[in-house]
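Sequences and hints are given; from them, build the entire structure.
Sequence lines, in order, name chains Z and P. Under my numbering, the residues of the first sequence are numbered 914 to 1323, in order. Under my numbering, the residues of the second sequence are numbered 250 to 658, in order.
Derived by calculation from the structure, the hints in this document are not laboratory data. Keep in mind it's a predicted model, so treat the numbers as computed, not measured.
Computed list of lysine to aspartate or glutamate pairs in EDC-like fashion (alpha-carbon distance at most 16 Å, straight line): (1) Z:966 x P:311; (2) P:523 x Z:919; (3) P:622 x P:275; (4) Z:1007 x Z:1189; (5) Z:1249 x Z:1266; (6) P:267 x Z:1199; (7) P:535 x Z:1052; (8) Z:1249 x Z:1309; (9) Z:1251 x Z:1317; (10) P:601 x P:581; (11) P:622 x P:648; (12) Z:930 x P:534; (13) Z:1231 x Z:1145; (14) P:482 x P:339; (15) Z:1288 x Z:1313; (16) P:303 x Z:974; (17) Z:1306 x Z:955; (18) Z:1253 x Z:1309; (19) Z:969 x P:311; (20) P:280 x P:617; (21) P:623 x P:275; (22) P:303 x Z:973; (23) Z:1249 x Z:1262; (24) Z:1286 x Z:937.
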Amino acid sequence: MSIFGEVPQAAPVAVFKLTADFREDQNPSKVNLGVGAYRTDECQPWVLPVVRKVEKMIADDHSLNHEYLPILGLPEFRSSASKIALGADSPAIKENRVGAVQCLGGTGALKIGAEFLRRWYNGTDNTKTPVYVSAPTWENHNAVFSNAGFEDIRPYKYWDAGKRGLDLEGFLGDLESAPDHSIFVLHACAHNPTGTDPTQDQWKQIADVMKRKSLFAFFDSAYQGFASGNLDKDAWAVRYFVSQGFELFCAQSFSKNFGLYNERVGNLTVVAEDQDNLNRVLSQMEKIVRITWSNPPSQGARLVAITLNTPELFAEWKDNVKTMADRVLLMRAQLKEKLKALGTPGTWEHITEQIGMFSFTGLNPKQVEYMVKEKHIYLMASGRINMCGLTTKNIDYVAESIHEAVTTVQ
Amino acid sequence: MSARSVFDGAVFMSSEMKLQEDFKRDSHPDKVNLAGREYVGEHGHTTWLPLVRKIKQQIATDPTLTPEYPPILGIPEFTRRATELALGKDSPAIVESRVFGVQTVGCTGAVRLGAELLRSCCCSNSSWSGPILLSSPCDDSLLGTFKAAGIEDVQHYRYWDAESNGVCVENMVHDLENAPERSVVVLFASGHSPTGAELSQEDWKRLAEVMVTHQLFPFFLMSAQGLCSGSLKQDAWPVRHCVSLGLELLCAQSFSHNFGLYGERVGHLLCVLKQNLLAVQSQAEKLVQTLWSCPPMEGARVVTTVLNNPAHLVEWQESVKAIAERCMLIRERLRERLRLLGGPWHWDHIIKPGGLYCCFGLNTQQVEFLVQKKHIYVLPNGCLNVSAINSRNLDYVAESIHQALSSQL
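Dropping the structure here:
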């Protein structure tokens, strides 16, 4: 009997199945509001102009070699990426208690952080330590922590469907009732999938409870710069926690804000109490990396490092990021306008109140089904849409379809 | 926040790279690094394949390439070519659609994914619980990779034999014959790490027979296809032979050495199964998402471009052959130097295998002597990377090894 003979079929990932169905759809009006990648107004992927430039620089640089990167990654990438998250003048950086591990995208950063926490956080076996993820959250969070060995993964209240906003009371309540030292996965900005972030004041309340109960903050930062168009604004929550003396992890992805989805550029920033703790943490993380992927890939990290460390390129990048963020903001404004003009029942303020790539429209599963089957507009069953899938050419069709769905389908 | 760190419990772990760091800091003019993991050329540095550089430039200026998320299992063209490279285009497994491939983050990524797949079998099929058999010796990181994936039952089969400075096949056969049925056996095509010790085709035939009879499951590591014998086909022979006997197997491939693409982490996990292919593939997808979501494109694009183009393929095969031939030449010259220096030892074990690694079976004191006194950095047991030996340091290396062995007489 084959070792693999009884392995069960795994369920397909919803978002990829959605894209596959979209691809097969022959309808000329079809729109893909599913997968989370940026699109131009022509509905094309966008290679950032600064990326094109730096790519060519790298290919023409004959002094570069192809050797293995250090296990923890390219040093100039790690330090500049951490500076992006924490601010170049971060006191924690000045105090030499910030380090980083270059990882395979945001996923890889979460993976290494999770594997470390399971082994070395607050004692040496954390398989039973609760890990809290928001309800709802990115569907892969659960799998990454579960596969890292955590047995107790729980939701914390986050999205209030009734008022289409943050359930702060529920969130704070779950923080209070969590066992001390539990791990909380927080979205640094542009929450996926709801697009709803706590305000600065709400973050302060969250931090208060977390400090009091010694809860561990593991930030997931996949959209810095992409949410508001401003890097510092999008990093406010992470920096606030650091200023409050938290030790924390921040899993950074450069997939979206550099448009480098395919080169897997991520960084796990570690903020520790002091340099000694930091060094011990990094030494163990090196061991974990060695038996996961050994060394990270060089192309994307080089590209990001050169860009962040060269003033003119850095300025150009920030500009490119703002271009993307602005287009999303425009689509949000226009969608809301059109729904209001159509007189679509319900309130649509949340479309412009939410931030980042995604919006939780509030459409129910039946209405979503109508959109997909009758109108060939592909969105997640949760009602999540990717604003980047909207263009000036299809926005009228989408708005009208939402109107139809809301008025004819209960 | 209290002054106590939540990371207080983390113990300091000395880096595997310590030896490399010590070498960098060593200011001795005659220092030689024979403990590196990369192939270095005559000039002492890692080499560029001109073809690779050219293709990278093409990729950087190609307006049709988009930065989209690749499929979870990688570029289909890449996995197709990598599979053909390992098994041969006309492999029965390919013809009968009994194989799937996954683009991974280097060979380590392929081993990790394979280990995770095996562990998931433990969970879903409670009648299988291991063990995994690794060679003795093997790299610490290999053992660590299986353990990290959650495989509890790891055992060893005897491989390197100090007496003969090679493989004792009798011991190996004995250990495999006495292993539990359905054990997974990790085997090395294209050179063993860290000893470099090889098996002949006759040895492989014998082992394959044992595996068929005892229902053992081979997990091949093929980290440097083409670099051992100079022939891609010959280096892959053990894998192809097992497939021809109808064995199911996993094979982790690396394109680091044979493309010089160490930094880009181009690996591949090949799965040859008898049944249930789609289910296993779906589990592989699920596992990849918990590791790295999807693989990096740059290196795989280079490899695919070469493997897709007949002219590029010829040029690449020739460069692989040149590397293999240089390694063989260095081995011969090292053997000749050592022979001339005299002594009771035999040196055939140096030239018998091909590829990057060679092992002298040195004890701890002898290794320490080489590193501390002669500033020649070697791996435990006196395993070393022959490519870092060149015309400038050959005499010094030979004399030093001779001294190390003489001092224990």
